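The listed protein sequences correspond, in order, to chains X and V. If you're matching positions, the first sequence starts at 1 in this note's numbering and goes up one per residue. If you're matching positions, the second sequence starts at 216 in this note's numbering and goes up one per residue.
Worth flagging that the hints you see were computed from the coordinates, not collected in a lab. Remember, predicted model here, so these are calculated numbers, not experimental data. Virtual Cβ for every residue (Gly too), placed ideally from N, Cα, C. Treat each hint with caution, since some may be false.
No more than 35 Å apart at the CA atoms, straight line, and that leaves these computed lysine-lysine pairs for DSBU-like [claimed, not checked]:
1. Lys344(V) with Lys46(X)
2. Lys210(X) with Lys344(V)
3. Lys44(X) with Lys307(V)
The following label-pair restraints were derived from C-beta to C-beta distances [to be verified]:
4. Gln81(X) with Gln351(V): 50 to 60 Å
5. Arg281(V) with Pro144(X): 23 to 33 Å
6. Ile54(X) with Arg281(V): 51 to 61 Å
7. Thr125(X) with Thr238(V): 54 to 64 Å
8. Ala164(X) with Lys322(V): 22 to 32 Å
9. Ser269(V) with Pro136(X): 48 to 58 Å
10. Ile54(X) with Lys399(V): 52 to 62 Å
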Amino acid sequence: MLVLLSNYGPSFVEGFKYTLFSSILALFFSLIIGTFMAIFQLSKNKFLRSLAKIYVEFFRNIPLLIIVMFCYVVVPLYWFQLDGFQSGTIGLTIYTSAFIAETIRAGIQTVPAGQMEAGLSSGFTSSQTMVYIILPQAFKIVIPPLGNQFINLVKNSSILAMVAGMDLMYQGDLIASETFNTFETYIIVGLFYLILTLQLSYLMSNLEKKWAIRE
Amino acid sequence: MIEFKHVEKYFGAFHALKDINLTFNKGEVVVVIGPSGSGKSTMLRCINGLEEISSGILLINDLDIRSKETRLPEIRKNIGMVFQHFNLYPHKTVLENITLAPIKVLKKDEAAAIKEAEKFLNKVDMLDKKDSYPSQLSGGQKQRVAIARGLAMNPQMLLFDEPTSALDPEMIGDVLKVMKKLAKEGMSMIVVTHEMGFASEVADRVVFMDSGQVLEDSETQTFFDHPKEERARQFLSKIINH
Numbered sequence: 001m002l003v004l005l006s007n008y009g010p011s012f013v014e015g016f017k018y019t020l021f022s023s024i025l026a027l028f029f030s031l032i033i034g035t036f037m038a039i040f041q042l043s044k045n046k047f048l049r050s051l052a053k054i055y056v057e058f059f060r061n062i063p064l065l066i067i068v069m070f071c072y073v074v075v076p077l078y079w080f081q082l083d084g085f086q087s088g089t090i091g092l093t094i095y096t097s098a099f100i101a102e103t104i105r106a107g108i109q110t111v112p113a114g115q116m117e118a119g120l121s122s123g124f125t126s127s128q129t130m131v132y133i134i135l136p137q138a139f140k141i142v143i144p145p146l147g148n149q150f151i152n153l154v155k156n157s158s159i160l161a162m163v164a165g166m167d168l169m170y171q172g173d174l175i176a177s178e179t180f181n182t183f184e185t186y187i188i189v190g191l192f193y194l195i196l197t198l199q200l201s202y203l204m205s206n207l208e209k210k211w212a213i214r215e
Numbered sequence: 216m217i218e219f220k221h222v223e224k225y226f227g228a229f230h231a232l233k234d235i236n237l238t239f240n241k242g243e244v245v246v247v248i249g250p251s252g253s254g255k256s257t258m259l260r261c262i263n264g265l266e267e268i269s270s271g272i273l274l275i276n277d278l279d280i281r282s283k284e285t286r287l288p289e290i291r292k293n294i295g296m297v298f299q300h301f302n303l304y305p306h307k308t309v310l311e312n313i314t315l316a317p318i319k320v321l322k323k324d325e326a327a328a329i330k331e332a333e334k335f336l337n338k339v340d341m342l343d344k345k346d347s348y349p350s351q352l353s354g355g356q357k358q359r360v361a362i363a364r365g366l367a368m369n370p371q372m373l374l375f376d377e378p379t380s381a382l383d384p385e386m387i388g389d390v391l392k393v394m395k396k397l398a399k400e401g402m403s404m405i406v407v408t409h410e411m412g413f414a415s416e417v418a419d420r421v422v423f424m425d426s427g428q429v430l431e432d433s434e435t436q437t438f439f440d441h442p443k444e445e446r447a448r449q450f451l452s453k454i455i456n457h
């Protein structure tokens with residue numbers, strides 16, 4: 001295993017970088033899109049509500065691979081060029097944001113109605129109340145399930161391998177087919193994923209503890 | 216400053232408010248009493264637009280609350296509300312609970328808002344708890360903080376929706392003391408409550424409601440000594456002799 005690592009170390013690290021970068025981008029944007037979709041789902045505006053409902057139900061219920069292949073194959077055919085990394089990351093963002101929307105919506109709904117009323121009664125608009133009063137409480141509640149979504153996201157980023165996204169899984173496949181040492185290669189790849197996901201779950205449980213103390 | 220003219224309110228098929236005609240003036244302390252489900256809270260919540268009226272006219276400082284030009288946040292800035300269940304923001308300290316709206320809504324600078332907040336906390340006797348979180352306070356303490364939060368907007372009027380109903384008996388006195396102090400200082404208040412002692416001591420007027428109607432609207436003395444309505448008499452005898 002050490003031989004494999006010393007021979008192909010740079011390739012593993014290269015793949016790790018792409019996986020990390022793709023995960024961070026997808027995490028950031030799916031958190032933003034997911035939050036908006038959650039708020040839209042609870043909006044009084046019928047158009048926004050339907051839009052969010054359709055978005056969530058559609059992308060949550062089709063395979064991630066279809067979204068990614070669509071970005072990789074169909075989008076360049078009719079609209080603009082996307083490489084493997086880009087289509088993988090965009091697909092991952094679209095897919096994950098649907099799940100994050102559901103998670104955050106559930107969080108918002110556990111905040112008592114009295115909080116919205118208190119905010120409105122102080123002269124806040126409903127969107128200000130959402131930002132200053134409801135969302136901070138909702139996020140605190142959904143940290144554990146949100147952590148699950150983030151971990152799933154990192155693992156799902158291995159989908160990039162299907163579209164030559166240069167990620168960890170892709171590099172692993174290349175190394176395995178070059179060396180025929182599948183056993184050790186995939187163990188090393190797995191360990192690299194663990195470096196990311198274990199830190200992420202550690203970070204999330206720390207955040208949970210930190211916020212729990214403050215209240 | 217607040218005028219109900221033939222106001223009706225339905226919740227689906229339920230007729231919650233029936234032909235309400237009421238006036239609340241500046242500087243007045245009005246206590247609204249009546250059995251549970253009589254529409255007292257609904258009436259109060261219509262004033263700051265937490266409930267929408269179904270028909271009739273409701274004027275707040277001559278502004279029609281149903282008119283398209285009326286912006287509810289503008290109305291609410293001038294009318295504070297104190298809730299039965301306090302509704303403090305659990306993720307903010309006592310001080311932050313009070314300064315949030317003055318800073319974000321009234322655009323006060325932070326130092327001035329904190330100074331003001333401390334003044335109001337002192338008034339409700341809660342200054343020593345300014346860095347606590349709501350979960351660390353008793354019900355009575357939470358309610359006093361909620362009152363300070365309402366005051367911090369310098370409202371023209373404060374609405375109280377059963378402010379002592381969720382409190383342990385020994386906490387009620389502290390909250391009522393603060394409310395009496397405010398009343399004596401001339402704050403305009405509308406108080407939905409079952410506290411008859413408070414009503415007879417500080418109210419200028421008592422409004423008695425039952426099953427969605429205003430049955431009596433009299434000066435406090437008159438109401439307690441000679442209630443006009445039989446229903447009000449029954450209610451009073453039940454509540455006072457229990």
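Hints, verified against the model:
1. Lys344(V) with Lys46(X): Roughly 44 Å separates the two Cα atoms, so the pair is violated.
2. Lys210(X) with Lys344(V): holds (21 Å)
3. Lys44(X) with Lys307(V): holds (27 Å)
4. Gln81(X) with Gln351(V): 50 to 60 Å: The hinted range 50 to 60 Å holds for Gln81(X) and Gln351(V), with Cβ atoms some 58 Å apart.
5. Arg281(V) with Pro144(X): 23 to 33 Å: violated (44 Å)
6. Ile54(X) with Arg281(V): 51 to 61 Å: Taking Cβ atoms as reference, Ile54(X) and Arg281(V) lie about 33 Å apart, which means the hint is violated.
7. Thr125(X) with Thr238(V): 54 to 64 Å: violated (29 Å)
8. Ala164(X) with Lys322(V): 22 to 32 Å: violated (53 Å)
9. Ser269(V) with Pro136(X): 48 to 58 Å: violated (35 Å)
10. Ile54(X) with Lys399(V): 52 to 62 Å: Since Ile54(X) and Lys399(V) have Cβ atoms about 58 Å apart, the given range 52 to 62 Å holds.
Of the numbered hints listed earlier, those contradicted by the structure are 1, 5, 6, 7, 8, 9.
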